[in-house]
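Read off the chains here:
Number of protein chains: 2
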Amino acid sequence: MIKVVLLGGGNVAHHLHEALRLSKEVDLVQCFSRNIKSINVFQNFTPITKNLNELKEADVYIIAVSDDAISEVSEAIPFSGKFVVHTSGNKPLNVLSKKNKRGVFYPLQTFSKGKEMDYSKIPFCLETEDERDYNTLKIIAESISQKVFKIDSEQRKSLHLAAVFVNNFVNHLYKIGDDICQESGIPFEILQPLIEETSEKVKEMQPLEAQTGPARRNDVKTLDAHKAQMKSENQIKIYELLTDSIQETYGRKKL
Amino acid sequence: MIKVVLLGGGNVAHHLHEALRLSKEVDLVQCFSRNIKSINVFQNFTPITKNLNELKEADVYIIAVSDDAISEVSEAIPFSGKFVVHTSGNKPLNVLSKKNKRGVFYPLQTFSKGKEMDYSKIPFCLETEDERDYNTLKIIAESISQKVFKIDSEQRKSLHLAAVFVNNFVNHLYKIGDDICQESGIPFEILQPLIEETSEKVKEMQPLEAQTGPARRNDVKTLDAHKAQMKSENQIKIYELLTDSIQETYGRKKL
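Protein sequence lines, in the order shown, are assigned to chains V and R.
Mapping of the first sequence onto our numbering: residues 879 to 1133, in sequence order.
Mapping of the second sequence onto our numbering: residues 879 to 1133, in sequence order.
Source of the hints: derived by calculation from the structure; they are not laboratory data.
Some hints could be false.
Copies of one chain are not kept apart here, so a pair can be met inside one copy or by any two copies together.
Claimed, not checked - Here are the simulated DMTMM-like pairs of lysine to aspartate or glutamate, each with C-alpha atoms no more than 20 Å apart in a straight line:
1. Lys999 <-> Glu1075
2. Lys1105 <-> Glu953
3. Lys999 <-> Glu1078
4. Lys1081 <-> Asp996
5. Lys881 <-> Glu935
6. Lys999 <-> Asp1097
7. Lys1028 <-> Glu953
8. Lys1105 <-> Asp946
9. Lys915 <-> Asp996
10. Lys902 <-> Glu1020
11. Lys1109 <-> Glu1032
12. Lys977 <-> Glu896
13. Lys902 <-> Asp945
14. Lys976 <-> Asp1008
15. Lys1025 <-> Glu1067
16. Lys1035 <-> Asp1102
17. Lys1081 <-> Glu994
18. Lys999 <-> Glu1074
19. Lys1081 <-> Glu1032
20. Lys1105 <-> Glu1087
21. Lys1028 <-> Glu1061
22. Lys1115 <-> Glu1126
23. Lys1025 <-> Glu1075
24. Lys977 <-> Glu994
25. Lys1028 <-> Glu1067
26. Lys1105 <-> Glu1009
27. Lys976 <-> Glu1032
28. Lys1099 <-> Glu950
Please take these sequences and the hints and turn them into a complete structure.
Here you go:
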């Protein structure tokens, strides 16, 4: 069993606590948070502490704190030469203090509080400074998930950016769809099968091929009708920019 | 049983043929297409014709042709006083010829050729000029799907616009995510669980609440880092506009 200490009390720490304590390869020996209240609920399963000087011996220390606190926490750890990883998609490996061996253990998912998750489907993106440490992370990740990838800091930066487009921005488009429905007294629920189908489709084909709609067809009549229909300046701007972008992608020829 | 004649040979006609012939409330008496080849495969199940003068007697005539052809086909039908509907989300009821009783039978879904669909989850949006015809469409729709809504022409226009945001534009954001991955040698597959989770989330909460990410948090450092990272002018423009729109929605205060 690989001995793990988990540091952090937020969303990611809570989900990792759940996943790690259920892993058959992991002995979760301790959890740490400065704000001990945030991890009180772990007590039934795992010893907890709010004191870095009480950290137990482990094979890996997983720092699952907010991006801005990673550096500080990793500096404050009162030992050196051990294996310490962070869990951020947004930070390079080298934000961790040099005094320990370093790595990244990044679960690429949007974690919501309290929402149950199927960890086996979450992609884990792993990186280590020293190749010899890689296998430790790999064993842990593979005991949780079927999807484990070796991703370096440069790639992780790109991945995080791509995730903003396919998650944060996509959700904002859902929100605009919801606004349009609400204005017309239509339940948003009507759109949900379409939303699901759109997301399912790109499992089977590339998004480039999956594109449909008036911009793709260069259906100028519909495009004009839509623009005339919108009242919000903001909606119009987004409509125009994304339509232009689709038309640039496929050329403006009428299909 | 409600006697139905289906007109059209495209994607929607093919899917409706499948759904209608399996319906226990429908007697699909005939299919029509000018381009008879496009519906040759229906022959094993349903009589076909390419001649409008040979249209059989039915309770409903469903015109599932391209938006621009609806008017023409409905004019060319050689009878009057019967019940004729179209299937377009994009056209009002009154594009149909006045000589028949009119309605709309609109399945809100993105139909891909050859892809099997679970019709029971497709929302059907129904409208009739005469209230007395509504029940006929309702019986047919409810025999196919669990989700049947009464939606008038104005609402349908809004719904179609909303669908462009949550389907066409969302797919384009997937495409940009794919581009960013490809540039960095990352398999797009890594993003799929996140894409799925994002679409699942709005079944349980409103998109307004579900929003996460650097724009929502007003995390200026990450926003700047992302902008510096992108090479494509087009990506930058979309990133900035959607970030602005999210910040406007939630205010620019740091969370």
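Structure-based check of each hint:
{"no.": "1", "hint": "Lys999 <-> Glu1075", "in the structure": "both (19 Å within a copy, 11 Å between copies)"}
{"no.": "2", "hint": "Lys1105 <-> Glu953", "in the structure": "neither (54 Å within a copy, 29 Å between copies)"}
{"no.": "3", "hint": "Lys999 <-> Glu1078", "in the structure": "both (15 Å within a copy, 14 Å between copies)"}
{"no.": "4", "hint": "Lys1081 <-> Asp996", "in the structure": "both (18 Å within a copy, 17 Å between copies)"}
{"no.": "5", "hint": "Lys881 <-> Glu935", "in the structure": "within (8 Å within a copy, 76 Å between copies)"}
{"no.": "6", "hint": "Lys999 <-> Asp1097", "in the structure": "neither (39 Å within a copy, 28 Å between copies)"}
{"no.": "7", "hint": "Lys1028 <-> Glu953", "in the structure": "neither (26 Å within a copy, 62 Å between copies)"}
{"no.": "8", "hint": "Lys1105 <-> Asp946", "in the structure": "between (42 Å within a copy, 19 Å between copies)"}
{"no.": "9", "hint": "Lys915 <-> Asp996", "in the structure": "neither (26 Å within a copy, 47 Å between copies)"}
{"no.": "10", "hint": "Lys902 <-> Glu1020", "in the structure": "within (10 Å within a copy, 48 Å between copies)"}
{"no.": "11", "hint": "Lys1109 <-> Glu1032", "in the structure": "between (42 Å within a copy, 14 Å between copies)"}
{"no.": "12", "hint": "Lys977 <-> Glu896", "in the structure": "neither (29 Å within a copy, 66 Å between copies)"}
{"no.": "13", "hint": "Lys902 <-> Asp945", "in the structure": "neither (29 Å within a copy, 58 Å between copies)"}
{"no.": "14", "hint": "Lys976 <-> Asp1008", "in the structure": "within (12 Å within a copy, 76 Å between copies)"}
{"no.": "15", "hint": "Lys1025 <-> Glu1067", "in the structure": "between (31 Å within a copy, 10 Å between copies)"}
{"no.": "16", "hint": "Lys1035 <-> Asp1102", "in the structure": "between (38 Å within a copy, 13 Å between copies)"}
{"no.": "17", "hint": "Lys1081 <-> Glu994", "in the structure": "between (23 Å within a copy, 14 Å between copies)"}
{"no.": "18", "hint": "Lys999 <-> Glu1074", "in the structure": "both (17 Å within a copy, 11 Å between copies)"}
{"no.": "19", "hint": "Lys1081 <-> Glu1032", "in the structure": "neither (25 Å within a copy, 34 Å between copies)"}
{"no.": "20", "hint": "Lys1105 <-> Glu1087", "in the structure": "neither (25 Å within a copy, 27 Å between copies)"}
{"no.": "21", "hint": "Lys1028 <-> Glu1061", "in the structure": "between (46 Å within a copy, 16 Å between copies)"}
{"no.": "22", "hint": "Lys1115 <-> Glu1126", "in the structure": "both (16 Å within a copy, 14 Å between copies)"}
{"no.": "23", "hint": "Lys1025 <-> Glu1075", "in the structure": "between (23 Å within a copy, 15 Å between copies)"}
{"no.": "24", "hint": "Lys977 <-> Glu994", "in the structure": "neither (36 Å within a copy, 56 Å between copies)"}
{"no.": "25", "hint": "Lys1028 <-> Glu1067", "in the structure": "between (38 Å within a copy, 13 Å between copies)"}
{"no.": "26", "hint": "Lys1105 <-> Glu1009", "in the structure": "neither (55 Å within a copy, 32 Å between copies)"}
{"no.": "27", "hint": "Lys976 <-> Glu1032", "in the structure": "within (19 Å within a copy, 63 Å between copies)"}
{"no.": "28", "hint": "Lys1099 <-> Glu950", "in the structure": "between (57 Å within a copy, 17 Å between copies)"}
The structure fails to meet hints 2, 6, 7, 9, 12, 13, 19, 20, 24 and 26 from the earlier list, while all remaining hints are met.
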